[in-house]
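There are 2 protein chains.
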Amino acid sequence: LVALGGVSLAQAFGEFPAKVPVPANNPMTPEKIALGKQLYFDPRISLSGTESCDTCHNVASNGTDNLAHSFGVFGRVDVPRNTPTVFNAAFNTVQFWDGRANSLEAQAKGPITNPVEMGMPNGEAVVKRLQQIPGYQKEFAQVFGGKDPITFDNVAAAIATYERTLITPDSPYDRYVKGDKKALNASATAGMGLFKSMGCDTCHAGPMFDNPGTPMGTGFFQKFPLQPTNPQCASYEQKYQFMKDPGRFDVTHNPADKYYYKVPGLRNVALTAPYFHNGSVQTLPEAVRVMAACQLGKSLSDEQVKDVVAFLDSLTGKFPKETLPRLPQTPNTTILMGVPQLEKAAAQNK
Amino acid sequence: LVALGGVSLAQAFGEFPAKVPVPANNPMTPEKIALGKQLYFDPRISLSGTESCDTCHNVASNGTDNLAHSFGVFGRVDVPRNTPTVFNAAFNTVQFWDGRANSLEAQAKGPITNPVEMGMPNGEAVVKRLQQIPGYQKEFAQVFGGKDPITFDNVAAAIATYERTLITPDSPYDRYVKGDKKALNASATAGMGLFKSMGCDTCHAGPMFDNPGTPMGTGFFQKFPLQPTNPQCASYEQKYQFMKDPGRFDVTHNPADKYYYKVPGLRNVALTAPYFHNGSVQTLPEAVRVMAACQLGKSLSDEQVKDVVAFLDSLTGKFPKETLPRLPQTPNTTILMGVPQLEKAAAQNK
Ligand code: HEC
Ligand code: HEC
Ligand code: HEC
Ligand code: HEC
Ligand SMILES: [Ca+2]
Ligand SMILES: [Ca+2]
Numbered sequence: 035l036v037a038l039g040g041v042s043l044a045q046a047f048g049e050f051p052a053k054v055p056v057p058a059n060n061p062m063t064p065e066k067i068a069l070g071k072q073l074y075f076d077p078r079i080s081l082s083g084t085e086s087c088d089t090c091h092n093v094a095s096n097g098t099d100n101l102a103h104s105f106g107v108f109g110r111v112d113v114p115r116n117t118p119t120v121f122n123a124a125f126n127t128v129q130f131w132d133g134r135a136n137s138l139e140a141q142a143k144g145p146i147t148n149p150v151e152m153g154m155p156n157g158e159a160v161v162k163r164l165q166q167i168p169g170y171q172k173e174f175a176q177v178f179g180g181k182d183p184i185t186f187d188n189v190a191a192a193i194a195t196y197e198r199t200l201i202t203p204d205s206p207y208d209r210y211v212k213g214d215k216k217a218l219n220a221s222a223t224a225g226m227g228l229f230k231s232m233g234c235d236t237c238h239a240g241p242m243f244d245n246p247g248t249p250m251g252t253g254f255f256q257k258f259p260l261q262p263t264n265p266q267c268a269s270y271e272q273k274y275q276f277m278k279d280p281g282r283f284d285v286t287h288n289p290a291d292k293y294y295y296k297v298p299g300l301r302n303v304a305l306t307a308p309y310f311h312n313g314s315v316q317t318l319p320e321a322v323r324v325m326a327a328c329q330l331g332k333s334l335s336d337e338q339v340k341d342v343v344a345f346l347d348s349l350t351g352k353f354p355k356e357t358l359p360r361l362p363q364t365p366n367t368t369i370l371m372g373v374p375q376l377e378k379a380a381a382q383n384k
Numbered sequence: 035l036v037a038l039g040g041v042s043l044a045q046a047f048g049e050f051p052a053k054v055p056v057p058a059n060n061p062m063t064p065e066k067i068a069l070g071k072q073l074y075f076d077p078r079i080s081l082s083g084t085e086s087c088d089t090c091h092n093v094a095s096n097g098t099d100n101l102a103h104s105f106g107v108f109g110r111v112d113v114p115r116n117t118p119t120v121f122n123a124a125f126n127t128v129q130f131w132d133g134r135a136n137s138l139e140a141q142a143k144g145p146i147t148n149p150v151e152m153g154m155p156n157g158e159a160v161v162k163r164l165q166q167i168p169g170y171q172k173e174f175a176q177v178f179g180g181k182d183p184i185t186f187d188n189v190a191a192a193i194a195t196y197e198r199t200l201i202t203p204d205s206p207y208d209r210y211v212k213g214d215k216k217a218l219n220a221s222a223t224a225g226m227g228l229f230k231s232m233g234c235d236t237c238h239a240g241p242m243f244d245n246p247g248t249p250m251g252t253g254f255f256q257k258f259p260l261q262p263t264n265p266q267c268a269s270y271e272q273k274y275q276f277m278k279d280p281g282r283f284d285v286t287h288n289p290a291d292k293y294y295y296k297v298p299g300l301r302n303v304a305l306t307a308p309y310f311h312n313g314s315v316q317t318l319p320e321a322v323r324v325m326a327a328c329q330l331g332k333s334l335s336d337e338q339v340k341d342v343v344a345f346l347d348s349l350t351g352k353f354p355k356e357t358l359p360r361l362p363q364t365p366n367t368t369i370l371m372g373v374p375q376l377e378k379a380a381a382q383n384k
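For the protein sequence lines, the chains are A and V, in the order given. Read in the UniProt record's numbering, the first sequence has 263 at position 229, and its numbers run on one by one without any break. Read in the UniProt record's numbering, the second sequence has 196 at position 162, and its numbers run on one by one without any break.
Hints are all accurate, no fakes.
One copy or any two copies: either way a pair holds, since identical chains are not told apart in the list.
Listed below are the simulated DSS-like cross-link pairs for lysine-lysine, each with C-alpha atoms no more than 25 angstroms apart in a straight line:
1) 355 x 53
2) 332 x 278
3) 172 x 352
4) 278 x 378
5) 378 x 273
6) 216 x 352
7) 230 x 332
8) 292 x 257
9) 352 x 53
10) 172 x 143
11) 172 x 162
Read the hints as simulated data drawn from the structure, not as lab findings.
Same shape as in the complex, but just chain A:
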């Protein structure tokens, strides 16, 4: 297979998609993107008034916070899983490690009302906050129309629309696929060959390295660790405790789904340490060793690890230049005082 040669091998994975998938019932418009960006950066949709989507999924960085576990609202330390990047999440066929949301629209409501993330008691409370902000009243009306344009569904639709702009094309790998042979060095092309010949691409397939053509909304799940009895994997398991979390079983309650996870895309994976659903592995070389042992029953040489990592490094794309939104204001007052749940929660935190 390695004999195929670099470029055609790369073509087998495919280059960065020319278009992001958009659901028919939530078309992208410049106004909706702008509104979604404001909401994405607005900490007022969290109970404390301090936690926005951007707090954990930092757009100025790599779309994560590079912590094993993010701190939730009021500094909560019980966020159960590692925070994935929001860059290219638009290409995921399902969202979350366990695939429990089948679209960005369905996903966005999760963290806002999750007590350990943004902590709003319910969607209505979010709507009430936003209704107090004149600029949002106007913008929701312009974007969504209707009598009561500020709804929790519309909040999610706008945020999802903004997220569809957070994509990173034009990685060295993509330039290589397009024919620029100098875009990858010898180590990276060797790593690309190994990635295919070892079988990493049976799971990390396709242009996002996350599935072999699975339709949007369905999800491509695989067991991890797949080979827990492999001695090297067993010692990783002892160290990193991957199997403390039952994975997709939490969603389906089907014992066959125990330890199954959505196969994560690998675009920008060099920037999104630490690794795996529990954020237990600090470095990419170690993550590659874990994958080889636990998914393929293989033990890699240092040289092989270096090469695979060089290939994965070549998947880092170009991040969009973002302007900061301007958040609509509440002149002469603040909506973050006299909020009973906020004051109660802050007092409990003392």
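Please build the complex by placing chain V with the ligands on the supplied structure of chain A, with the hints as guidance.
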């Protein structure tokens, strides 16, 4: 005095300064501004890895978080004073409510190593974090030169330089001063007249409404409440507990400085609710009533309050269009794991 007429009255306060004051030993350069912006937005200079300057001083908003008291690192609720806006802080002759820093450079080190704000143990720990980030190594060398360009002093110098770009000229008031009579309505011009005739401008003087020409680095301090025995002020004091905080006395330990505060600028004051050093007053009309009673021993009619507020609303300037910085990355690893203080602090928070 009101007879002076609108425009000349406004000229008496002065229009938005054409230039921001820059200390001779920290000249502004585009590269230093860019580096300072990255540091300002970088949560990695907090112990938890989640709290940047922007967390409390939100540049996408009004330079504050509109909370009575910000939440510090790990959700701490003991940040003692209300967070002032960072917009136009470059014009303050001293920084902090009690004036304990005499420059932006001196100020910036405060929050980073303040245990209840960003929580870094000391400047060295900040330097160690940044030294692990290759992009910063390069940029500090380019901006500051020398053998060890990453120093805590240089961090502060860069952040201060970025802050000097966060200014908001061209408010309706400024357009009025320049001769555009339609920039203020009748209520705002009446309010401007009252502001002068009542004597608000004895303290809130000059183009930033914070001092009568006090030199940079010195500070213009006044007592608040100045007339605590005025019955209306006494009832506000009972409600809002201003005198729980001894103000500048904390800095000088001189009993004569008890309850003295830096007179805050009033640019964009409409957007920076809640008000006063303890963030106890939710609305601007109420803040105006408090000032009239406690500083001037005056009781205002609803109409007068409305007019003064209309004038203060006219001090809201144009906020700069900001691009998000791109934070330098640490490929294939994260610097936020295995940090003993972080892990200890997170565990204690459980
Ligand atoms: C307190 C931290 C935190 C906040 C705030 C937060 N998230 Fe997340 N996000 C996470 C974590 C943790 C996960 C993974 C949870 C899981 O899979 O069980 C996640 C998952 C996601 C995913 C799925 C990505 C993937 O590859 O599966 C998307 C998309 C996302 N978040 C977007 C958002 C948006 C939009 C907001 C704001 C409305 C937001 N997040 C707020 C921590 C956070
Ligand atoms: C049988 C399926 C399968 C195979 C084969 C496989 N992976 Fe994975 N990979 C997964 C799954 C599932 C996860 C998510 C595991 C988790 O965190 O729970 C994952 C996670 C990863 C991650 C961490 C991603 C992140 O953001 O944390 C990396 C890196 C990775 N794989 C690389 C590889 C490499 C390199 C190979 C080949 C040596 C490989 N994988 C083989 C299924 C597979
Ligand atoms: C946890 C919240 C928090 C964080 C994080 C924070 N600040 Fe502040 N900031 C405050 C508070 C509260 C005050 C007022 C404290 C006082 O006066 O005693 C303040 C005061 C200031 C002032 C003085 C403004 C004035 O008008 O007197 C400036 C300037 C400032 N901060 C800039 C920064 C910078 C730069 C950073 C990051 C290096 C930062 N702040 C981080 C809360 C915060
Ligand atoms: C004797 C001096 C003095 C006079 C006169 C005075 N002020 Fe103030 N003003 C201050 C001081 C000092 C503070 C800060 C008090 C504190 O928060 O501790 C302040 C705070 C304010 C604030 C709140 C600013 C913020 O960001 O929280 C407003 C609004 C204000 N003044 C408006 C007025 C108006 C309107 C008048 C006239 C009715 C007035 N002031 C008269 C000294 C004065
Ligand atoms: Ca990660
Ligand atoms: Ca305030």
